[in-house]
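Asks: Here's the letter readout for the chains.
Number of protein chains: 2
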Amino acid sequence: MRLILSALVATTALAGAAQADALRDKAAEFFKPLPSTIPALNENTVTPEKVDLGKALFFDPRLSASGVFSCYSCHNLTTGGDDNMETSVGHGWQKGPRNSPTVLNAVLNEAQFWDGRAEDLAAQAKGPIQAGVEMANTPEAVEATLNSMPQYVDWFKAAFPGEENAANFDNMAKAIEAFEATLITPAPFDAWLNGDDNALSADQKAGLELFIDKGCSSCHSGVNVGGHGYYPFGLIEKPGSEILPVGDKGRFSVTETADDEYVFRASPLRNIDQTAPYFHSGKVWDLKVAVQIMAESQLGEELSDQEADQLVAFLGSLTGKVPEVTLPLLPAETTGTPRPTSEVK
Amino acid sequence: MRLILSALVATTALAGAAQADALRDKAAEFFKPLPSTIPALNENTVTPEKVDLGKALFFDPRLSASGVFSCYSCHNLTTGGDDNMETSVGHGWQKGPRNSPTVLNAVLNEAQFWDGRAEDLAAQAKGPIQAGVEMANTPEAVEATLNSMPQYVDWFKAAFPGEENAANFDNMAKAIEAFEATLITPAPFDAWLNGDDNALSADQKAGLELFIDKGCSSCHSGVNVGGHGYYPFGLIEKPGSEILPVGDKGRFSVTETADDEYVFRASPLRNIDQTAPYFHSGKVWDLKVAVQIMAESQLGEELSDQEADQLVAFLGSLTGKVPEVTLPLLPAETTGTPRPTSEVK
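Line by line, the protein sequences are chains A and B. Residue numbers for the first sequence, in UniProt numbering: 1 to 345. Residue numbers for the second sequence, in UniProt numbering: 1 to 345.
Treat the hints with care, as some may be off.
Heads up, the list lumps identical chains together, so a pair's fine if it works in one copy or across two of them.
[As the list claims (entries may be wrong)] In silico lysine-lysine, DSSO-like type, Cα no more than 30 Å apart, as pairs:
(1) Lys283 with Lys157
(2) Lys214 with Lys288
(3) Lys321 with Lys126
(4) Lys283 with Lys345
(5) Lys345 with Lys249
(6) Lys214 with Lys249
(7) Lys95 with Lys345
(8) Lys157 with Lys321
(9) Lys283 with Lys249
(10) Lys283 with Lys321
These are computed hints drawn from the structure, not numbers from a lab.
Bound-form chain A, shown alone (with noise of 0.2 Å):
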């Protein structure tokens, strides 16, 4: 009798094992792990210097025409990187046209914006800087602030040295995307692809598996499951307006191609249940109900109560580890630094 009970579990656990592995080798088709380290950058070399610097720059206000927003006001590190409202609120309390994306992992993205217009984050932090609706700032304003303050100058000479003029606009992208860079949150989903059997539940393995069968991974894939490649929201079946406004064609403004109408980058998924609301809209808060528009409209599936429970399991397990950021101390302001104005023009 023993032996057989013996026999019996080891059956059941080489079964278990030989399951976790198929389930494991089907995820390796569309998935990867977080690396571990921090990602090479296109042309900026990330060094401690840079990564100072950066992170300084990302938290200061100073960077807007206002000194009311610094990245860190969309982009809020305690809150998932991102700042929990449909869409952002900006330079004289205008609304931004879209949802802001997190900061976390997104050095990984394909590519940055809803429509991917800008190729990396150095790019990117060059937008919202000089968008009316958000820092309504210059280039040259930026470059006025920083050389106004000895501290910055010598930073910047740390973060590009030999450069002549190092406290520019274009270094201070570069040394925000070196910042960004180290904001990378391993999570369960990591460990269980990195072989830890035990890191996702049996709901969240359910859901993996659904996300994988119904046809999710197609689109978000990858090692930020999601974040590259283009697709229209509404593949099957176009949602209401409410959630997809008439008004914002997507890519379109970006390719200016009939066929990019309504098109969008798909969201990457790390930590989406803390960045609701949902879709470049925002308009939606609760992430079930965003799973059953996105089965609906881009599968044209309706999913049972119990598959959207374990599909929305399942992406509980891509919210991963912060690091630990301590806030910068940054220079104090100078008799030549621009003072902040809260006219809008």
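Place chain B on chain A using the hints.
Replies: For chain B alone, kept in the frame of chain A given last:
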């Protein structure tokens, strides 16, 4: 010869020491070094759990109606604990009536706000959250927000053990006060008061001597070099209305006593060179100019250029070491969390 030289050196050293002691004795009549431990609070025991909760609340923009502003927005710990603006920008892009004071060492002020209308930081914390031009929220909405997130409810239980409905508006304020009580910044001036003769430069010592002799320390005294006592702005000569706007009668609005017209709490001067612009109106950006205005309006003194520089040098010795603050990780909203609204009522 060697003997004579040695004697001379000894005498000079003794004279220097005696001089240092004399200045220190004089300073001790007006000032006190920062305490080496967190100050005790009024009916609010400081515990690690309360400090951690208070830090989370301090950084949480969901305490504002719009989700845009947290305590940190106007009391930015990266830039001296204030916001580097004349007056803060708040809900609906409205401008606040007075310059945002630093939160650093604020726990040691006798009372809070420019007119001292809040007796402590717990009372103070409730003000901006409810002010229509700042965070524009209500105690009821704040409590709904906090109680919608189980993690917050647990944190409140740990910080206020044994209390029913611990996640309430009063406890929120107490927790914020406990966190803010940790924001103490020991400065070179403290080291000098504590006996380190080399902690101040010759110019700083000369500035300190002037600060006492000219009479600045009659109002700016105590552990925060100000922050207690109320005095008319323009005791000898009223500054122009661009600096002292006619509409803001200061403490008069608290006491409704004619004597309190244009009376304000003497500013605490710690970290003053990090917190431009100056005065309740925030109209002066240059610390030297602010010192000159004070000398004229409060003491009827026209300072020489050297005197003003030495006073500014002394004030620089009040800039201290800001404690390292790691960003908290806040709980995610739930479906029950009140949604942010940028609407202006």
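Asks: Indicate, hint by hint, whether the structure satisfies it.
Replies: Status of the hints after comparison with the structure:
1. In this assembly of identical chains, the alpha carbons of lysine 283 and lysine 157 never lie at most 30 Å apart, being 44 Å within a copy and 33 Å across copies at closest.
2. In this homomeric assembly, lysine 214 and lysine 288 come within 30 Å of each other (Cα to Cα) only inside a single copy, at 16 Å, whereas the closest approach across copies is 68 Å.
3. Proximity of lysine 321 to lysine 126 under the C-alpha cut-off of 30 Å is restricted to the intra-copy arrangement: shortest distance 27 Å within a copy versus 32 Å between copies.
4. Taking the closest pair of Cα atoms, lysine 283 and lysine 345 come within 30 Å of each other both inside a single copy (29 Å) and across two copies (22 Å).
5. In this assembly of identical chains, lysine 345 and lysine 249 lie within 30 Å of each other by CA distance solely inside one copy; the values are 26 Å within and 32 Å between copies.
6. Only within a single protomer do lysine 214 and lysine 249 lie at most 30 Å apart by alpha-carbon distance; the minimum there is 27 Å, versus 67 Å between protomers.
7. In the homo-oligomer, the alpha carbons of lysine 95 and lysine 345 lie at most 30 Å apart both inside one protomer (15 Å) and across protomers (17 Å), since each shortest distance falls under that limit.
8. Within a single copy, lysine 157 and lysine 321 get their C-alpha atoms only as close as 32 Å, which misses the 30 Å cut-off; across copies the closest is 24 Å, which meets it.
9. Taking the shortest Cα distances, lysine 283 and lysine 249 sit within 30 Å of each other inside one copy (16 Å), while across copies they are farther apart (45 Å).
10. Only within a single protomer do lysine 283 and lysine 321 lie at most 30 Å apart by alpha-carbon distance; the minimum there is 27 Å, versus 44 Å between protomers.
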